[in-house]
Amino acid sequence: MTTQIVESVLAEAEKQDAKKVTEVHLTIGKLTFLGIEQVRFAYRILVEDTIMKGSKLIIKEKSGVIECPSCGYKGTLETEDNPMYHVPTPILKCPECGEAAKIVEGKECTIERIRMVK
Amino acid sequence: MTNLKEVVKAEEETFDIEPGMDILKVNKKLALKNRELLRKHKVKAIDVMGSIGAGKTSLIEKLVQALKKKYRIAVFKGDLTTTIDAERIGCHGVEVVAINTGRECHLDANLVARAVEKIRLEDIDLLFIENVGNLICPAEFPLGTEKRVVVVSVTEGPYMVVKHPFSFMDADVAVINKKDLAKVMKVDTKKLEMEVKEIKPDVKVVVTNALKGEGVEELVDALGL
Ligand SMILES: Nc1nc2c(ncn2[C@@H]2O[C@H](COP(=O)(O)OP(=O)(O)OP(=O)(O)O)[C@@H](O)[C@H]2O)c(=O)[nH]1
Ligand SMILES: [Mg+2]
Ligand SMILES: [Zn+2]
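So the sequence lines, in the order shown, correspond to chains A and B. Each residue of the first sequence is one higher than the one before, starting from 1 at the first, in our numbering. Each residue of the second sequence is one higher than the one before, starting from 1 at the first, in our numbering.
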């Protein structure tokens, strides 16, 4: 996954004839499986032999939003903090009517901005 | 430090671009294309994902046996490097395409699109796609199938649902396999079922023993086949 991020940034940089990439801004939805620390770690390793080496990675998290097709409820996704595992459990049950709700936000992984040097 | 930056700026040009590109969306778009193509040819496709050794291949074998009179079936099998599973399924006389994913721990819509080119969609009605054994990554990559099945087994212990809630968010059917071992493993399948339903209330849960074929009929029903 991080491979795809790095490859996409490199492709963009090449299009611009950049000599170096200095900053990459990402938005990661909280409903993706992507762990921010893992992405950072993989990023460091993957950029090693590229023009992205030494670049700053800035990650913004975005909360999940669900919408209920039955009653029209829309709101941020409730996560049930489970003290036993330190993982928030996403609940796709509508807090208003209990029916199954749909995810409308929180499943993205977007490259917002790339800063480079020509 | 500031001085150095000034020097750099004097000689070189720093600039920003805002691609706003969603890495996952590229896959989602391709998945939609797959879905349209499959729909056009009236092929029902089912993505079978789940942890390593949960029983994906065993279940597909049983489903193929149960359904091959009713449907013309093909199977795609994603694996890192081997074709063992593909050969297992091939024994049942249906068309199998092995997709080696190399380093990637999941199938994606692009790999599936390439595998689709290898078969004649006119000649099949039903397509099973066995994803790479991994409960986490495949969840993020829809393939364009009509339904998605997540297979877990009781041998993974009583906590795999609460530990991997994200895997069930996009599932239509959840299979809890190896029910014959539930007692020895001290796993309560009813409790697992409730945990899955808590995460996704409209998911259908089926408890199976893939070796004996128990629960396969219910699975066929749950898949609307
Ligand atoms: N006791 C028991 N064993 C099972 C059951 N289903 C599968 N197995 C065994 O579990 C092992 C793994 O089954 P597979 O069907 O290969 O699992 P898989 O999910 O396809 O595995 P990978 O493709 O390697 O990730 C095999 O030895 C099966 O015989 C079951 O319901 N009960
Ligand atoms: Mg298998
Ligand atoms: Zn509601």
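If you are wondering where the hints come from, they were derived from the structure by calculation, not from laboratory data. Every value quoted in this text rests on a predicted model; they were computed, and no experiment measured them. Think of the CB as a built atom: it goes at the ideal place given N, C-alpha and C, for glycine as much as any other residue. One or more hints might be untrue.
[To be verified] Coverage of chain A stretches by chain B, computed from C-beta distances (three or more under 8 angstroms per stretch; other residues unrestricted):
(1) 12 to 21
(2) 43 to 49
(3) 58 to 68
(4) 101 to 109
[To be verified] Taking lysine-lysine pairs in the DSS-like style, the calculated list, with each CA pair at most 25 angstroms apart, reads:
(5) B:LYS204 <-> A:LYS93
(6) B:LYS25 <-> A:LYS30
(7) A:LYS93 <-> B:LYS183
(8) B:LYS42 <-> B:LYS204
(9) B:LYS68 <-> A:LYS93
(10) B:LYS68 <-> B:LYS147
Structure-based check of all given hints:
1. 12 to 21: holds (count 3)
2. 43 to 49: That given contact is violated, which follows from only 0 residues of the stretch 43 to 49 of chain A lying within Cβ reach (below 8 angstroms) of chain B.
3. 58 to 68: Our answer is that it is violated, as 0 residues pass the Cβ test (under 8 angstroms) against chain B, missing three.
4. 101 to 109: holds (count 4)
5. B:LYS204 <-> A:LYS93: Given that 25 angstroms is the threshold and the Cα spacing comes to 15 angstroms, the pair holds.
6. B:LYS25 <-> A:LYS30: holds, 16 angstroms
7. A:LYS93 <-> B:LYS183: violated, 30 angstroms
8. B:LYS42 <-> B:LYS204: holds, 23 angstroms
9. B:LYS68 <-> A:LYS93: Not OK: LYS68 of chain B and LYS93 of chain A at ~37 angstroms, beyond 25 angstroms, violated.
10. B:LYS68 <-> B:LYS147: It holds: about 19 angstroms lies between the C-alpha atoms, which stays within 25 angstroms.
Violated hints for the displayed structure, listed by number in ascending order: 2, 3, 7, 9.
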